[in-house]
Amino acid sequence: MINPHGNILINRVLKPEDAKKAENKAKELKAIKLDEELVKDVKNIARGVYSPLTGFMNRDDFNSVVTKMTLSDGTIWPIPFVLDVDKTTADQLAIGEQIALVDEEQKPIALMNLRDKYTYDKNVFSVNVFKTADEKHPGVKMVKEMKDWLLGGDIELIDNSKEPYNQFNLDPQETRTLFKERGWNTVAGFQTRNAPHRAHEYLQRCALEVCDGLFVNPVIGKKKSGDFEDQVILDSYQYLIDNFFPKNRVAMSILPLKMRYAGPREAILHAIIRKNFGCTHFIVGRDHAGVGKYYGSFDAQNIFNDIEDMGMTILKFDNSFFCKKCGHLATGKTCPHTKEDQIGPSGTLIRELISKGEIVPNEIMRPEISKILIDADKTFVE
Amino acid sequence: MAEITIPNDLKESLEKIVKDSSEFSSVNDYATYILKQVADKKLAGKKQEEVYSKEDEAKIKERLTNLGYLD
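Chains as they are written, first to last, in the numbering used here: chain R, 103 to 484; chain Z, 442 to 512.
In case anyone wonders, no lab produced these hints; they're calculated from the structure.
Treat the hints with care, since some could be wrong.
Each computed DSS-like pair below joins lysine-lysine, with the alpha-carbon atoms no more than 27 Å apart [said to hold, decoys possible]:
no. : chain 1 : residue 1 : chain 2 : residue 2
1   : R       : Lys282    : Z       : Lys457
2   : R       : Lys458    : R       : Lys435
3   : R       : Lys142    : Z       : Lys502
4   : R       : Lys142    : Z       : Lys500
5   : Z       : Lys502    : R       : Lys117
6   : R       : Lys209    : R       : Lys324
Keep in mind the model is a prediction, meaning the values are calculated, not measured.
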């Protein structure tokens, strides 16, 4: 089994009896309210998804991550995980103090031991992490909207609830146990935010030819209009796994996570997360975690050449398509024919057809998957 | 602090690496870094048992079975 990133799988989930005590204590502490995305980050930190992080970053780690893409101890880490507050709140908190992290309904989520509070340069953050200061970039926009002070410190999770999708929400220790029980020595991680089409399936099958298992890990989180609803992604993948892959060769579990659209740096983060889940391989396609034209098509693959070996194999794929002349799915690496012969998986076409209740061409999407999407109560985010 | 003896040819190799590095100022620094990496990796299994117990593992298997991931 591959070691977690940083060599130890973090577990900062309080046992039920301790969580109860902490929940009572939280009522007496100063509280910081977290939005839905920060709640996800707190739970991910506590469950070891972001190992070796044990909390939100202090100043040294933040600066090192932004400028050098490593934690201050040299461990590769590409994207800062931070808790932002306004100056008034920061002034009211003392280093060494324990604070309560609550959700938007004031329910205690975790306790945090405050170790650091600091200001930061938003432009340096954006330019280094997103490679742009353009405020049209969603990540840059996110940074611009962040408050001006950051808090650093370890967390202890009180609320370990996993709804929605409890049945598909496995921690890294759970996936590692699963892979071990299934006898998988090599596991390919596949990230997605969409329902499966043929081109996705081609990459998954290629990976399964060289690995014992495939871990389908859909990112569940903040969506934009036109994205697939989480439920249809899970339903369509469950159908695909149950009917078109050998039993016990594929497992699916969700990853509640906000997309930053940081392209290359985010590809490294996604690989680290799957390493923590127990994956030995990670599939990276063209323009992974990209948006618009901010990154080169293969930047998210090439960045792995520039960093220290993480102990994982990155499976790099070009765009896949159905070739009418080859008669099957292929990529530019395996198909010699021209674009006229190649039918790529157009997201726009898929959305248009499904919205009209029409089956997507078989070369692009299995008809059974089209049907699941068409018959769903709600297929797309409005 | 403890002292470790290494062969001269190894020391020369490490000196070449340090000379071209902006991260390490001495053979001592670099050797300490390398040895720490190796030790952390070897000890990871033992440390992990302190974080997740056998009891935790049993509960995890039960949850995986109840959810249908394991038969």
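Quick rundown of the hints versus the structure:
1. R/Lys282 x Z/Lys457: violated, 42 Å
2. R/Lys458 x R/Lys435: At roughly 34 Å apart (the allowed maximum being 27 Å), R/Lys435 and R/Lys458 break the hint.
3. R/Lys142 x Z/Lys502: Roughly 24 Å between the alpha carbons, so the hint for R/Lys142 and Z/Lys502 holds.
4. R/Lys142 x Z/Lys500: Since the Cα atoms of R/Lys142 and Z/Lys500 sit roughly 23 Å apart, the hinted pair holds (cutoff 27 Å).
5. Z/Lys502 x R/Lys117: holds, 17 Å
6. R/Lys209 x R/Lys324: holds, 21 Å
Hint check: violations occur at hints 1 and 2; the rest are consistent with the structure.
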